[in-house]
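Spelled out, the chains give:
2 protein chains.
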Amino acid sequence: MTEKLREVAAFFKAHDNFEILTHDYPDGDTLGSGFGLCLALQQLGKNARVITTGVPRDFTFLQKGILQQDFQAQTVVSVDVADEKLLGCNRAAYEGKIDLCIDHHITNKVKAPLKLVDGSAAANCVILYKLFCEMGIRFTREIANNLYTGISTDTGCFRYTNTTAETLRVAADVIDIGCDTAYINKVMFETKTRKKIALEREIYDTIEYCCGDRCAIIAVTCDIQKKLGIEDGELEGLASLPRQIEGVEIGITMREKAPGDFKVSVRANERVINAAQFCARFGGGGHAAAAGCTVKGSLEQAKAQLKNAVEQCL
Amino acid sequence: MTEKLREVAAFFKAHDNFEILTHDYPDGDTLGSGFGLCLALQQLGKNARVITTGVPRDFTFLQKGILQQDFQAQTVVSVDVADEKLLGCNRAAYEGKIDLCIDHHITNKVKAPLKLVDGSAAANCVILYKLFCEMGIRFTREIANNLYTGISTDTGCFRYTNTTAETLRVAADVIDIGCDTAYINKVMFETKTRKKIALEREIYDTIEYCCGDRCAIIAVTCDIQKKLGIEDGELEGLASLPRQIEGVEIGITMREKAPGDFKVSVRANERVINAAQFCARFGGGGHAAAAGCTVKGSLEQAKAQLKNAVEQCL
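First to last, the sequence lines map onto chains A and B.
Sequential numbering from 419 applies to the first sequence in the working numbering.
Sequential numbering from 419 applies to the second sequence in the working numbering.
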């Protein structure tokens with residue numbers, strides 16, 4: 419890892435005119451990586467800009483201090499992008515043109531001559547922190563805010579199982595530099611939109627339990643989505659809700675994509691039931707703790723199929 | 419601090435037959451401190467037991483590995499107890515008898531010949547970690563679980579503004595020892611009781627906005643509490659809900675204690691409105707960001723008084 423960090427640091431010194439690619443449906447880690455790296459490169463006197471598919475309002479503060487530079491791009495770097503497919507509307511322009519890929523997904527499939535991939539890092543921003551140390555970057559408040567945002571959002575504020583002792587120590591170093599944890603934590607973890615509240619309110623009415631309350635199912639129908647004006651990104655985080663209910667070993671979230679067509683997300687206590695095997699019954703797949711599939715039929719028909727399968731598996 | 423830690427470590431070596439006092443309405447930090455210290459003292463060959471006002475079900479795992487010892491108490495230690503008033507039903511038996519007080523509340527009022535109080539520690543368990551290092555305690559998984567529970571619960575899993583770089587570094591050390599963060603985080607931060615869900619569902623229907631949506635008010639009436647069978651401890655965390663709504667600068671939670679008698683909790687963006695000054699209008703008080711008061715009248719009357727006051731303050 420140290421050798422690879424040195425190689426990548428040397429790469430940045432040797433090149434200029436960077437375009438930094440982030441993934442579609444941008445989150446705190448890809449944007450924190452992108453804008454953090456852009457700030458670091460500009461500090462070294464390089465030209466750099468970040469290419470996104472849009473910056474959600476809550477993340478616009480990450481751009482603070484970035485210079486708008488006019489230049490002809492020469493070097494393409496991707497951050498937190500596990501696969502070129504995930505570049506969204508930028509895929510056509512950049513596929514096959516990535517010179518350096520920095521990522522923390524062990525399954526990374528990006529084709530690039532130079533790759534810095536560390537699957538043990540809870541967030542891509544953990545890798546960038548180490549890289550910046552190697553590059554001798556002066557850690558400003560703006561860079562620290564980017565790194566903290568990436569690390570905290572990818573770990574659910576240090577709550578998810580990907581959090582390690584190293585994650586906490588890197589976050590501690592970033593806090594020592596001086597970042598605005600109070601603001602970032604408030605915006606990222608303590609704020610709900612009014613629409614989210616209205617959505618939870620509706621969804622609570624749809625909770626159904628089965629198998630002696632060891633399974634909970636929620637359903638977001640087309641009607642609910644239409645009534646509340648819900649769009650794609652606004653259902654983020656919903657899949658974890660039913661499994662959070664006390665005693666629930668398997669939580670199922672049904673989302674009606676079109677009338678009679680349900681996208682199903684399953685979260686399970688993997689010591690009790692395997693979510694991937696469960697979803698395989700419906701032609702889906704995933705991991706032991708989190709998987710997905712599609713079920714068709716009316717809400718009642720689809721739910722009955724899922725309940726039957728749960729009863730057979732539990 | 420180092421000198422004081424040495425003094426307290428010497429105190430433990432020199433004494434025996436310990437009773438460890440925790441505070442009433444016990445939380446993760448007082449119980450983690452209590453059971454963690456008990457395990458450490460028993461490891462040193464001492465007799466020790468923890469005195470509580472009851473251990474909530476979610477915290478019973480903290481007692482794992484503790485020996486039930488029969489002995490005549492000689493030394494009384496309080497942990498995370500800011501005031502002897504907070505001993506609940508154990509106050510009468512122990513008031514004025516505390517030999518050593520270990521706490522992280524800067525306002526600590528306990529009378530004891532030896533006190534180890536560090537207001538900069540995010541959790542009392544941070545102090546205990548340092549103390550155990552000084553005492554040469556062998557960190558077992560059980561001790562680590564106690565310390566991690568205290569640190570994580572008192573910081574909202576490292577989300578609250580009391581979290582510092584030191585908090586994260588101590589937590590990292592505790593994780594390195596080997597504690598069950600996956601289990602603890604799931605139980606403490608990812609689990610909602612069915613009653614809590616039902617309560618949120620009811621409360622969402624009571625949300626009212628005023629002052630251009632900069633204020634949100636929720637009300638837990640006697641009717642709701644009766645309908646759901648809600649008891650005192652089960653309203654924990656509710657006061658933060660209205661302020662979490664996007665754009666809300668002051669969040670007000672009204673809880674009807676008896677018909678026409680409302681306990682009011684106020685959470686505010688202190689840069690915009692001072693919660694303590696707001697509550698002082700109703701004879702209450704507290705901090706700039708969090709305060710409380712009592713308002714009497716029917717729900718509508720009480721709410722109208724609060725709204726009027728908000729309009730004058732904002």
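For the record, the hints were derived by calculation from the structure and aren't laboratory data.
Any given hint could turn out to be false.
Intra- or inter-copy, both count: the list cannot distinguish identical chains.
Said to hold, decoys possible - Dumping the calculated DSSO-like pairs for lysine-lysine here, alpha-carbon to alpha-carbon at most 30 Å:
no., residue 1, residue 2
1, 644, 613
2, 431, 725
3, 613, 431
4, 644, 675
5, 482, 515
6, 725, 681
7, 515, 548
8, 681, 610
9, 527, 644
How the hints compare with the structure:
no. : hint      : verdict
1   : 644 / 613 : both (12 Å within a copy, 29 Å between copies)
2   : 431 / 725 : neither (58 Å within a copy, 59 Å between copies)
3   : 613 / 431 : neither (46 Å within a copy, 58 Å between copies)
4   : 644 / 675 : within (11 Å within a copy, 39 Å between copies)
5   : 482 / 515 : within (28 Å within a copy, 56 Å between copies)
6   : 725 / 681 : within (15 Å within a copy, 43 Å between copies)
7   : 515 / 548 : within (25 Å within a copy, 52 Å between copies)
8   : 681 / 610 : both (24 Å within a copy, 24 Å between copies)
9   : 527 / 644 : neither (37 Å within a copy, 56 Å between copies)
Checked against the numbered hints given earlier, this structure breaks hints 2, 3, 9; the rest are met.
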